Amino acid sequence: MSTPIIEIRDVSKRYDEGPPALADLSLTVEPGEALAVLGPSGSGKSTLLNMIAGLDRPTEGGVTVAGVRVDELSEAASARFRRERVGMVFQFFNLLDDLTVLDNVLLPAQLLGAGRAAARARAAELLDYLGIDRHSGAYPGRLSGGERQRVAVARALMNRPALLLADEPTGALDTASGAEVRELLTELHADGQTILLVTHDLALADSCASRTIELVDGRLARDERAVTR
Amino acid sequence: MSALGKIVRAGVGRRRLQSLVMVMTTMTAVTASVMAAGLVVASRAPFDHTFGKQHGAHLTAAFDSRRATGSQVAATAHAHGVSAAAGPFPLLSLAVRPQPPAGLAPPPVDPVLSIAGRADAAGGVDDLTIVSGHWITGPGQIVITDGWGPSELLGTPIHLPGVPGDPALTVVGTARSATHTADAWVTPRQIAALTPPGSAPTYQMLYRFTEAGSTAAMTADRAAVNAAAPAGSLRGTQSYLVTRDTANRQTATFVPFVMALGILGLVMSVLIIGIVVSGAVSAGTRRIGILKSLGFTPAQVGRAYVGQALIPASVGTALGLVLGNLGSIPLLSQAEGAYNSGALAVAGWIDVAVPAAVLALVVASALAPALRAGRLHTVEALAIGRTPQVGRGRWAARLAARLPLPRPLSLGLAGPFARPARSATIAAAIVFGAVGVTFAYGLGASINGVQHGLDRDSPGQVQVDPMAPPEATAGGARPTPRKEADPAAVARAIAAQPGTRAYFSSVFTDVHFLGVSDAITAIAYQGDSSWASFQMVSGRWFTRPGEAVVGHRFLQATATRVGDVVTLEGDGRSTPVRIVGEAMTTGDGGMRVLTDAGTLARAGVTVRSGQFSIELKPGTDRARYVAALSAALRPLGVGAQATTGRVSATIVAMDAITAILTLMLVLVAGLGVLNTVVLDTRERVHDLGVMKALGMAPRQTVGMVITSVAGIGALAGLIGVPLGIALHDYVVPKMGDAAGTRIPSVDMSVYHAAQLVPLALGGLLIAVLGALLPASWAARTRTATALRTE
Chain A
1 MSTPIIEIRD VSKRYDEGPP ALADLSLTVE PGEALAVLGP SGSGKSTLLN
51 MIAGLDRPTE GGVTVAGVRV DELSEAASAR FRRERVGMVF QFFNLLDDLT
101 VLDNVLLPAQ LLGAGRAAAR ARAAELLDYL GIDRHSGAYP GRLSGGERQR
151 VAVARALMNR PALLLADEPT GALDTASGAE VRELLTELHA DGQTILLVTH
201 DLALADSCAS RTIELVDGRL ARDERAVTR
Chain B
1 MSALGKIVRA GVGRRRLQSL VMVMTTMTAV TASVMAAGLV VASRAPFDHT
51 FGKQHGAHLT AAFDSRRATG SQVAATAHAH GVSAAAGPFP LLSLAVRPQP
101 PAGLAPPPVD PVLSIAGRAD AAGGVDDLTI VSGHWITGPG QIVITDGWGP
151 SELLGTPIHL PGVPGDPALT VVGTARSATH TADAWVTPRQ IAALTPPGSA
201 PTYQMLYRFT EAGSTAAMTA DRAAVNAAAP AGSLRGTQSY LVTRDTANRQ
251 TATFVPFVMA LGILGLVMSV LIIGIVVSGA VSAGTRRIGI LKSLGFTPAQ
301 VGRAYVGQAL IPASVGTALG LVLGNLGSIP LLSQAEGAYN SGALAVAGWI
351 DVAVPAAVLA LVVASALAPA LRAGRLHTVE ALAIGRTPQV GRGRWAARLA
401 ARLPLPRPLS LGLAGPFARP ARSATIAAAI VFGAVGVTFA YGLGASINGV
451 QHGLDRDSPG QVQVDPMAPP EATAGGARPT PRKEADPAAV ARAIAAQPGT
501 RAYFSSVFTD VHFLGVSDAI TAIAYQGDSS WASFQMVSGR WFTRPGEAVV
551 GHRFLQATAT RVGDVVTLEG DGRSTPVRIV GEAMTTGDGG MRVLTDAGTL
601 ARAGVTVRSG QFSIELKPGT DRARYVAALS AALRPLGVGA QATTGRVSAT
651 IVAMDAITAI LTLMLVLVAG LGVLNTVVLD TRERVHDLGV MKALGMAPRQ
701 TVGMVITSVA GIGALAGLIG VPLGIALHDY VVPKMGDAAG TRIPSVDMSV
751 YHAAQLVPLA LGGLLIAVLG ALLPASWAAR TRTATALRTE
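Note that the protein sequences, when read in sequence, are chains A and B.
For what it's worth, full-length UniProt numbering labels the leading residue of the first sequence as 1, then goes sequentially.
For what it's worth, full-length UniProt numbering labels the leading residue of the second sequence as 1, then goes sequentially.
If we strip away everything but chain B, and leave its shape as in the complex, we get:
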């Protein structure tokens, strides 16, 4: 081994603590960065890939066929910025009744499908991918979107109960549209045959544009199409950006906070690596002097110290790479589910780029102090030794001496001013630690608040499902189909049950709004639901038929606001619905409508029955209530059950990732403090010996050493908390946006005095914990040995 190699190896081995800190910091940085970058890339790639391959439609537009002819709509293909277009395709929203799987009753309501009339699966825009079966070859056939309904639909008939004569179409295939332009496709001629008397289909046009990369570009494109169409004929549009966001929703929700924690980890890593490396150099000034006196060139000294940094950093990078890829597995598996794609993995280039960037940062952090050390005059290096330059921080020492504190504490308080640059850097590291802790606390509290809000999907303490469970028959024969209990009888039983405070029934169903090609999930309520209203972002809960509360994504997709009126399309009928509030709901990515069942009835959508949610009077024993109500409902063939809280796997995963990354941040900050205090203590060991010779007790020594970082920690905590709150206020709405909702203010305002005080003390805690070990080492150091140390 060369002399340089021996020096590097000895340096790494001798400074084990510094090497450990460097391993930990680089490991944290690489882990967080790989996870963050992996998620960002994975959340884009599958959609973009499919969208590009299928020439997906940037804009899907619906035109009122009463206000524009087919040729007028077709002419919008020449609007400014349009690079390709397809259509017009006639579009109908019709209730359908697929054949239920064997042994099961039909669903309580007939779902509504948006059915487009298209002659071909391809056409230059929105080329459909046939997933199973084949494309339509003639009348009486229908192709449905992949993933809709039961898996055994292929080859079975689908009835259209709202169309005179209850015609049936045979499912001949399943297809996938990148932007989900329709739920099903038939021939254009078939659409004409299915159109109920007195109504007319909508025209659907699909566009691609030369500029479509941003919301602003899409807004301009939409305006161009609108200008090219007859006035008032454009009834609604849907941008591919919304579809892409919806597709990316699940993983995209993770991206903001993983990125935030990742960046925090990265910046901290740079700081700590800088502290550790420059500390190693300054602590080794005398060693550098000896090396130079032996004939080492400045360049060799520089290389030696860069090498000392690179060896542990490489180990940390390798570990971080493994941990980052392992940590990405649960996150990316969620992405797989969201995209219905094959197995996703961290992109290969991320596994190369992230380590390269981190190691480059390490070299940059090490190079400056190493070169500075290399340029020191040999005699100067030998003479400087380890003690800080005399004269620094004297004013602080004088000031601290005047404080009404025990002398060891005032000496400790003045300590950081002897090494201002190092103290500032470690303060910055603790600030980032405090930011991380504050942010993580707020994130957890907000997520839990959101979870509580989302539990309104299944409100009340007791539920009754009016669909009787299937009855198994002897000999393992098929169970009997589920039967629906009489909802009115169920309601009477609930109302008559002592302990009932309030109740309503609700059911999920698909509805269509004019201008939105996708079916929208609606929750239809029967009875007084005001006691179980969702957390409101703005506006109020609905109070009568004709009013609705919607999710944020619905407002975005329909370009509407609270107070606007939208048109609900049912089985050949439509009705205006006023949006009276925006609720927090992440179901269906926020594309959800909450309204009275009467609203749906106005559009001809019949809600047969729904689940009853019951609120009990205060003091009612829930178990007894459930037993008593079940007994009362037994003649109807149904029973009651206690409502169980639904814990989202996404939220559990977020909590876990936040906890892990925050712990790593705190650990790194603590290790940074520990390393700094060790350096300081080693440098001042002779002074410590003097003080101990003068009678400084071990407890006083511990107090002095801890105080030397406690002030920094306390200050850093005070700075870190508001920054952490600011980060929370920036990131959480972004997560909500990714999930398709805005966050109600009640879930944003999670920092109160009771939490702020301990959070502000977090920096102090990090500092004290980091300093404990070297402080006890300082207290244990033998005075005689310390006095002999030069």
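Next up, chain A with everything else stripped away, as it sits in the complex:
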């Protein structure tokens, strides 16, 4: 059995005096899996994703991603970890509006200090792969929602991350654009990309995820694997 890419052990997260966002949660994700995290609002889905990305720290327990104890990293080490191991896709794309599509996509490689030629070649490859190469000189504001999310996915994949995190990737899209993104993520998973996606979109979970978990009040309420994929 291979080493899990994500290993969460007895993680709890409390904010102030309220109920825990995550309560004694344990979870492992294997390389190549596509895990869909479902649950109602306030169930702890985004908190879980933030823990895995090193954007937040658990109150108790440990989070290991790609062999790295993320919860023990300093801010600088956490940033390096994200650059090298993780790609993130957000519900509202979070593209920088004053940079072109190409510059947005190049950004993670530039933060990593990658060579200029290699980075541009990789960006061109991704833009071509995702069918948005004709927009490389455009600004994000001129693209459709689906196209913007493709740019966000290209940016997330720029440094060949071991793990792709997607937070409601179809949440801000119309039906057609949502279907495009759903198809894209499915293809990525089929190509071997490990994906963890937080979503309310059951269709997305059904089509893309090899495994689905459901959180309720910060606890694991369901953990199912697809029979065939």
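Worth flagging that the hints you see were computed from the coordinates, not collected in a lab.
If you're wondering where the values come from, they're calculated on a predicted model, not measured in any experiment.
Covered stretches of chain B, as calculated for chain A (at least 3 residues, CB under 8 Å):
| no. | stretch |
| --- | --- |
| 1 | 394-405 |
| 2 | 688-699 |
| 3 | 775-787 |
Just a few of them, taken from the derived set where beta-carbon distance is under 10 Å, the chain A residues facing chain B:
| no. | residue |
| --- | --- |
| 4 | Asn-50 |
| 5 | Ala-76 |
| 6 | Ala-79 |
| 7 | Asn-94 |
| 8 | Leu-106 |
| 9 | Pro-108 |
| 10 | Leu-111 |
Just so it is clear, CB atoms sit at the ideal spot from N, CA and C, and this is done for glycine as well.
Fit chain B to the given chain A structure using the hints.
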């Protein structure tokens, strides 16, 4: 509290940093303005008041009595433009020997007084104010100018050793002339009795004119008088403007640079207040939208934001008023000394006008963006949120992306172009900061150079005073009078002492020049003084008797230039003296003559002895030399001492004021940068969150934020340095002029490459220091929180 009041209070309280910046900027502006305006007004008022009260003479003229009769001179009262005149008064320059105070020897030389023959203290022009005693009632009496000589002169005799029979006059009073038309007054008949055989007194005329407010007007008035007098009879004149400038000299020296720094502070304040207020409005656009959606009218929104600016500005103004008045105390105390006046204070109207002007500026700065915000459509205001308008600065972002720099730095470099107006304003603020720093550096260097030059008043490393110190006797009895050691014996001892490289003796004495009613201080040198020449503005040091080096004010007062010949009047004799150089000297306001003792001897002025200044051979131990020379001089009753540097209190005060005002300027510029970066960072916090989510490390975040102002700072520094140098080159000569001297080029050329590079980096430093705090705040901001921020 009304809804509007709550909004204003909440706005001030919530934006504490912006409020603090506004307090600081207005405080600086008011402090500097009160000090500057207070000095300007104080430096004018005392003289003008006395001059007006005494109907002071605009022009004091001396006529050669051999070329014009008394009635011809009197007829010049009808010259064009003359509104009133007094005279002619016979005028003599005579050596006097007052009775020395008990226990003290007479001074080494007999001072020379210009003595005017006047029947009355009043006369429509130059009405003398009797300070003590009474006016002359008969022969054998003399009234001397207030402040001359020892304070116990009243009732004592003054001998006139140069007049046959060594007559004595009794001091019956002291008087004050607004323009110091003479040192002493006797009856006209007394002048005739005192005139040495073979000489004749000069005629003095005093004029007031209808137009006398400027140098040009006074030049025209002088020409009119000259035209009305017999040709060649007008030997010299003195304008009241020179006297006024001399009276105002000490405080006036401060005015140019305090004004310069004050104006810099004021302009910076306007800029920073504009940045802060408009920044507060734009950062609060969403808040304005919410206010409007709740029913606030555009006028209420405008009032709310003007109120938010006025509250901290009022606090800053009040603090500045207190600091300005406190800071003026040491400056105005110097003015008190200069005018011999009572306690001076900042004029009341300044304490009203300056705060009113500053607060009006604040309202004006706040009103435009506040009204603009008030007119925004509610939906638009709500939608705009905090991010800059998309599309601005894209070209800069593209250009920066091509630079061979780490991406966070190139992103930072492009940042200012997203908010061009704000960036330009903050750049202007940093420019002013850089101007202030450059100017302050140059000012300090020039002042120190001037101080070094002025130290030539007491040159050499060792001094010997040939006047033996008084010897105290047992039982606390009176000390014995000082005795003069034989100067020749002192000179021989110095020459024989191993380690002596060069020496000379010098003494201060009062002399008179034809056409100048005031006594002029001369430094008479015996021996080779070329090694201790003053810093020269033009010309050269004197090399022989009959040559003199003079101060700038002397040239102005006598309307002469280097190369001209003036007439030195001594004890009934006169001699021509060629002016061979202009030296930097502020002693006596630049009304000073430096010459060989032989020059004075030609005019019958005897210099008895003077202080010896000694230059040592290189490598000589000064302490040992002083001990050895003192031992050699002991039989003569005198000793040697090491020369101590004289630090002018005025220069110390200038250094302190410059440092304080410059620090305030830099502080305000830095606070302006800090405020701007905080605004930018808050506006772009979501983008920062995205970048951090993509893996931007804290160090990279700090780098990006600092770079966003570093480019502006570097550019502003490059612009500010030449402007600061230009300001220095404009202000320092004005200060020299106020002090009565021109500044030698060696003291003006103080900017060299070694200083220019760090000065040019000053703007960058201001920007970086101002950005450090918000940059570290940006680096510490939690990514998840930033991503949630709309």
